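Novice: The primary structure of each chain is shown beneath.
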Amino acid sequence: MAKENQGAKAARQAAAEARTAAAAAEKARERKIRIFGGIAVVLVMGALIAVPVMQGKNKTATVTNAVLPQGVTKDTYGVKIGSAWTAANPDSIPKLQIWEDFQCPACGQMEQSSGAKILELADAGKIRLEWRPTVFIDDKMVNENLAAGNPKSSRQATIGLGCAVDAGIAEKYHAAVFASQPATEGDGYSNDALLMAAQTAGLSGSAYDTFKSCFDKKTYDGWVTNSYNAFSAEGVSSTPTGILNGTELKGDTLFDPTALEAAVAAATK
Amino acid sequence: MTEPVSSEVFDQMSEPARKFFGHPAIGTVFRLVLAGVLLYAGGVKMTEPHGARDAINAYRLFPPSWAPLMGYALPALEIGLGLLLLVGLFVRISGLVTAVLMTFFVFGIASVWARGYSIDCGCFGGGGDISPHGRAVRYSQEIARDLMFTGMGVWLAIWPRTLLALEK
Numbered sequence: 001m002a003k004e005n006q007g008a009k010a011a012r013q014a015a016a017e018a019r020t021a022a023a024a025a026e027k028a029r030e031r032k033i034r035i036f037g038g039i040a041v042v043l044v045m046g047a048l049i050a051v052p053v054m055q056g057k058n059k060t061a062t063v064t065n066a067v068l069p070q071g072v073t074k075d076t077y078g079v080k081i082g083s084a085w086t087a088a089n090p091d092s093i094p095k096l097q098i099w100e101d102f103q104c105p106a107c108g109q110m111e112q113s114s115g116a117k118i119l120e121l122a123d124a125g126k127i128r129l130e131w132r133p134t135v136f137i138d139d140k141m142v143n144e145n146l147a148a149g150n151p152k153s154s155r156q157a158t159i160g161l162g163c164a165v166d167a168g169i170a171e172k173y174h175a176a177v178f179a180s181q182p183a184t185e186g187d188g189y190s191n192d193a194l195l196m197a198a199q200t201a202g203l204s205g206s207a208y209d210t211f212k213s214c215f216d217k218k219t220y221d222g223w224v225t226n227s228y229n230a231f232s233a234e235g236v237s238s239t240p241t242g243i244l245n246g247t248e249l250k251g252d253t254l255f256d257p258t259a260l261e262a263a264v265a266a267a268t269k
Numbered sequence: 270m271t272e273p274v275s276s277e278v279f280d281q282m283s284e285p286a287r288k289f290f291g292h293p294a295i296g297t298v299f300r301l302v303l304a305g306v307l308l309y310a311g312g313v314k315m316t317e318p319h320g321a322r323d324a325i326n327a328y329r330l331f332p333p334s335w336a337p338l339m340g341y342a343l344p345a346l347e348i349g350l351g352l353l354l355l356v357g358l359f360v361r362i363s364g365l366v367t368a369v370l371m372t373f374f375v376f377g378i379a380s381v382w383a384r385g386y387s388i389d390c391g392c393f394g395g396g397g398d399i400s401p402h403g404r405a406v407r408y409s410q411e412i413a414r415d416l417m418f419t420g421m422g423v424w425l426a427i428w429p430r431t432l433l434a435l436e437k
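Those protein sequence lines, which keep their order, are chains D and Z. Sequence positions in the first sequence follow our numbering and run 1 to 269. Sequence positions in the second sequence follow our numbering and run 270 to 437.
Same shape as in the complex, but just chain Z (with noise of 0.2 Å):
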């Protein structure tokens, strides 16, 4: 479960570099900023009923009939890899899926902006079309910081042994 990656890129690593990927300290930090990230946008998403499944459909990527499941089981899967996180159990796995989850949301936006509609993301509840001003600023913010929260998700699915975690 926690052996350390051995792979020529990273036999050739410098000796602090080494040192610096992996580590459990930075571990544990990524593990913490994921688990606040998911459990606030979780959260936020399970206080507006209709919020998430508009935010959803604003997408315009899935049929609208899918949108009601989606926008209950998003929040609750944020929610839940939220939980594991914070506590530090199946780290390997919730690190994946989150990354996974991150990249779709990459993609989703990457997809409105070249299909030039204006929407907010809904990453933190809310959601929905708005004005197109100052639309290519806040999307590449938006992509920026889900690429970054996809790094930390692949760190944690490689090195899982964190600090303050359940499991060793």
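One chain only, chain D, in its complex shape (with noise of 0.2 Å):
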């Protein structure tokens, strides 16, 4: 009797013991799971920030030798338009700065509403307009661009601007552009669509032939970098962005003609 109880007494303890083992096993294996996949998905989140960063400073570095655009200056890359620029006393009109992107839908609707009263009040002197160009959509829309044969569209439109405004045809070929943008974003401007374009703008002849050649050559590219560049650096970032004398349009501002007309009407001293 005493024999057998004492058998069952060191089975038990047996089992309790192994089962104690089996425990402190598991528990050990899971805390080497825990090292190591703590270890591993943090070393993956490491080299997910420091390769793009690694990247990310090759690309945005600033075109020194860029050839600019007649008029264009470093200090904004921006393209000026109107006649307030050279008035006698253009520190008293208002400055409007419109950063674009050919590619965006925004921007199309934008110019669809607002873009003739915009060239309306530069045209008359009362604003002081910049465009500003930006192509973060052919970042975005990298697969889009290429699927439809047209990979960086909003660039290849870009330094067409740059050429127009050598060519004295900056608004027309900004309006062209614009009227012509495909209804699916990512579609992007065919070459063919955009000296269209130019040819839409009234350029012909050897001044047609000079504009394709600037064109081709991609002329402006490294401005456009640098434009690009600068949209990222001062933080605006986004398409269509107003900056009236400094100040961000708010809303829907950009997008009515009535209240832009107010707006500078207001920050006209």
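There may be inaccurate statements among the hints.
Unchecked claim - Computed cross-link-like contacts, PhoX-like style, restricted to lysine-lysine with a CA-CA straight-line distance of at most 20 Å: (1) D:LYS117 - D:LYS80; (2) D:LYS27 - Z:LYS288; (3) D:LYS172 - D:LYS212; (4) D:LYS95 - D:LYS212; (5) Z:LYS437 - D:LYS32; (6) D:LYS250 - D:LYS95.
In case anyone wonders, no lab produced these hints; they're calculated from the structure. These figures come from a predicted structure and were not determined experimentally.
From these two lone chains plus the hints, build me the complex, please.
Specialist: If you want it as structure tokens, here you go:
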């Protein structure tokens, strides 16, 4: 009896020890998984930050020897439109800077609703209009642009804008490109469509040949890069953005010609 | 780590409710859904060099100089959290961090909405300003979605025990 009891007790004890040992082993296993798993995830995250940071450094380098279109200066890389820039007292006239990407659908809508009014104000000398081009949609729509056969569409359209500035048809080229904006974001502009915009803007003969040569050679590629860098550096970074005398226009002002004109009037001293 | 939460609210719940809340199968679904969402969101942001930073700038909540670092760190954080949730490691803390992250997104969207900007939330890449049309609907959908994800994260922070997980 006693012996049997002792035997059962020993068996129970052994079982309990085995359970404890198994639990300890399980705990050790889980600790190992946690440590290795944690380290692995931290390494992945570190690599994900380090790799693009190193690549990004090369990508955002300023092109130091960039050729600039006529009248464009290094302080903003913007295209200045209208007579107000050369008025007797330009500082008294409100400065309206507009960040745009030729592929941005909202910019297309803005051009449709307010484009004419903005040019009217600029041509009448009521604002100092400055277009500030950016090409972030080239990065956003890489695959879509490629699939449509129009890679880096915004960049090529903006290079064309630089050539159009030299040809003296910046306003018309700008309007013609936006008028031909594809309905689907990402389809982009074919080179033919952009050259057609220059013709729509009134270029022909030798003036057109000069434009086409400038366009094909991507003369203003470096300018576009620098303007795009300014876009990220200034933190505006979304389009369209209107900046009136240094203050960002709120909400829908840019889309509403009446509200925009009122804002300009209010900013005129 | 995995003891059931006992609170008066919990004690007063009906039997079916008590069986529902904290059920490992439900937690498993939440864990995998959040893992998928985070990995997708982080992966898409990763493929756009300027994308995430421009989206962050569009919120106009941080100084522009912060955007590049945040643009790299945010997708990395999302992917890290996504991986942890996918394999089921550090589920409690991952769920908590995910819930906090989603709450930030809700505040971000609510704040641009209140200030009258029209932006693409950049939640799944893209981002930047868009046209103002229909933004109330879009913003409220985005907020509802992120609140749902917040709820899933909170669930996992309270009941981290799930199936198909590396940690028991």
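Novice: Against each hint, give a clear statement of whether it holds in the structure.
Specialist: Comparing the hints with the structure gives:
1. The suggested pairing of D:LYS117 with D:LYS80 holds, with an alpha-carbon distance near 16 Å, which does not exceed 20 Å.
2. Simply put, D:LYS27 and Z:LYS288 have alpha-carbon atoms about 27 Å apart, too far for the 20 Å limit, and the pair is violated.
3. Distance hint between D:LYS172 and D:LYS212 is fulfilled; the C-alpha atoms sit about 16 Å from each other, no more than 20 Å.
4. For the proposed pair D:LYS95 and D:LYS212, the alpha carbon gap of about 32 Å is over 20 Å, so the pair is violated.
5. For the hint linking Z:LYS437 to D:LYS32, the alpha-carbon distance of about 13 Å falls within 20 Å, and the restraint holds.
6. Restraint check: the Cα-Cα separation between D:LYS250 and D:LYS95 comes to about 16 Å, which is no more than 20 Å; the hinted pair holds.
The structure fails to meet hints 2 and 4 from the earlier list, while all remaining hints are met.
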